[in-house]
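Produce the complete structure using the sequences and hints provided.
Take the sequence shown: its letter number 376 is residue 375 in numbering that gives the first Met the number 0, and every next letter is one higher.
In case anyone wonders, no lab produced these hints; they're calculated from the structure.
Just so you know, even glycine gets a beta-carbon here, dropped at the ideal spot from N, CA and C.
Check the hints yourself; a few may be wrong.
Said to hold, decoys possible - Derived pair list, reagent style DSBU-like, types lysine-lysine, alpha-carbon separation capped at 35 Å: (1) Lys32 <-> Lys50; (2) Lys433 <-> Lys454; (3) Lys497 <-> Lys467; (4) Lys320 <-> Lys454.
To be verified - Computed beta-carbon distance windows for the label pairs: (5) Arg134 <-> Tyr51: 50 to 58 Å; (6) Ala289 <-> Asp250: 51 to 59 Å; (7) Ile179 <-> Glu349: 47 to 55 Å; (8) Thr348 <-> Gly466: 17 to 25 Å.
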Amino acid sequence: MMCRKKLRAVLFLFVGVLSLAFANPAVFELGGKNGWGMLQYTENIQMCPGKYGNPGISLSSSVPKITQQTDMYVSFDSPSILEETSSYTVQSSNMRFAGSTQAKFGSGAALCSPHAKTAGLVLRPQQGSFFAGERSTGSFSIEFWIAPSVAENGSVILQWYSSYFERDRLTDQHILAQIIQNKLEWNFFNIWQDKYQNGISIQLRGRTNLIPSQWSHHLITYDEELGLLEYRMNGHTENIVYITENGRESDAVLLSKLGNSAAVSIGVQYAGLIDELKVTRQFIEPPTFAEQAALFDRYHLNGGRFESLILDSGGSLSEAKKVTVSADTPVQTEAVFFIRSGENRYAWTETEPEWKPIWSGQAITGMTGRFFQIAGNLYPTADGQKTPIVHSISFEYEKDSEPLPPARLFAAPKDGAIELSWTPSIDFDVKGYKVYYGERKGEYFSPGSPINVGKVLSYRIPDLSNGKIYFFTVAAYDDSDGTRVGSFSQEVWARPRKE
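Structure (structure tokens):
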């Protein structure tokens with residue numbers, strides 16, 4: 000028995016192409032100039048600059064998510080600075096954009112100059128936001144990453160100046176994070192009141208020196224239930240204070256009061272980078288050892304994964320041949336790839352059909368089916384600072400061609416019927432045949448046409464009119480539903496007649 004003919008094609012996965020039934024070799028891409036629109040699933044994966052100005056994909060930075068408790072979030076990932084919760088509007092900005100190579104997380108950071116006459120960034124609070132004031136503080140946290148060029152005395156990272164009326168007098172207040180003697184210091188002036196309703200001043204100064212051009216994480220967090228105000232640097236507690244009547248834990252917590260709405264200024268006479276500025280309305284619990292260790296990971300140490308859409312090759316005997324990947328893998332990083340295939344894509348799960356590992360440029364053996372799917376796992380360096388970048392993926396396969404028709408078709412006239420017979424298709428996986436007929440050459444629209452006759456080599460078509468001419472053709476199909484039908488055989492004609 001002769002082997003089925005196969006049409007070789009090269010499939011480069013690309014946006015918008017799911018059905019790959021074509022008669023000539025063709026090239027499609029996943030990645031490259033056509034982008035990554037055919038990815039149906041990603042985890043810890045982001046777009047990044049790739050080769051020749053085309054997009055690549057890499058691991059995404061370990062940036063925090065926006066939740067219902069998030070009051071302010073500025074990622075600095077774009078030259079056009081945006082507060083991403085919409086609780087603040089940008090009033091002014093003279094920060095310079097620093098790209099992903101200088102950023103702590105994500106695709107950018109902000110570079111501040113000490114020579115600017117105004118703040119690097121001024122945010123105007125919307126009603127109901129934390130710095131809109133006119134309420135108690137509640138539990139809150141303020142955090143950011145900085146990499147100062149020089150730890151200049153008096154450099155301000157964040158400041159908020161406001162005021163409120165109390166007993167017919169105006170009381171000034173502020174929240175200030177600034178560099179003093181090479182350490183970060185937090186000042187809260189008249190934010191809390193003592194038991195006599197007089198404003199008090201609270202300072203929390205770090206114990207750890209800032210190192211020029213080195214990223215460090217700073218967090219101030221307050222628990223309104225305990226009156227605990229804690230400053231952490233790089234996950235380690237630098238200073239704490241209990242804002243209670245006697246300054247001890249378990250004493251009565253002093254009342255807080257935020258005054259009038261006022262703008263927040265970021266980067267005043269500060270030289271260096273800032274990234275991932277965030278304010279949340281919650282106390283942040285001390286990190287676990289694992290969380291503390293992962294704080295500096297730029298990329299998820301567990302890596303990331305992407306999966307393509309399920310690709311329909313059009314034939315059940317299509318055969319995977321080779322996958323070629325263009326990727327950059329710095330030392331200690333790794334990119335591994337997988338493929339799977341099957342006949343019924345609607346029954347597929349995360350693990351079934353089984354994913355099989357593949358290597359770029361190496362032949363794939365024993366992988367056949369109508370549907371294919373490609374996946375990849377990306378892993379960073381051990382310190383979480385570098386990621387592999389995948390530029391494009393090409394998938395080469397042998398396409399299962401549509402079944403060939405019978406080489407010969409015969410029509411014998413009968414009384415009110417035609418007896419058709421044909422030679423078998425040379426394709427070994429034919430499941431059956433369909434008979435087409437009509438009253439005009441090339442037009443097979445008679446009632447009942449086509450007829451699925453199954454896997455037979457002859458068929459009698461009854462209820463035809465004697466003396467009338469009919470035209471016939473036969474096509475083979477190779478799927479169980481009879482929907483994947485090949486081309487027509489030669490056409491024959493005949494007139495029924497009495498025998």
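Hints breached by this structure: 6 and 8
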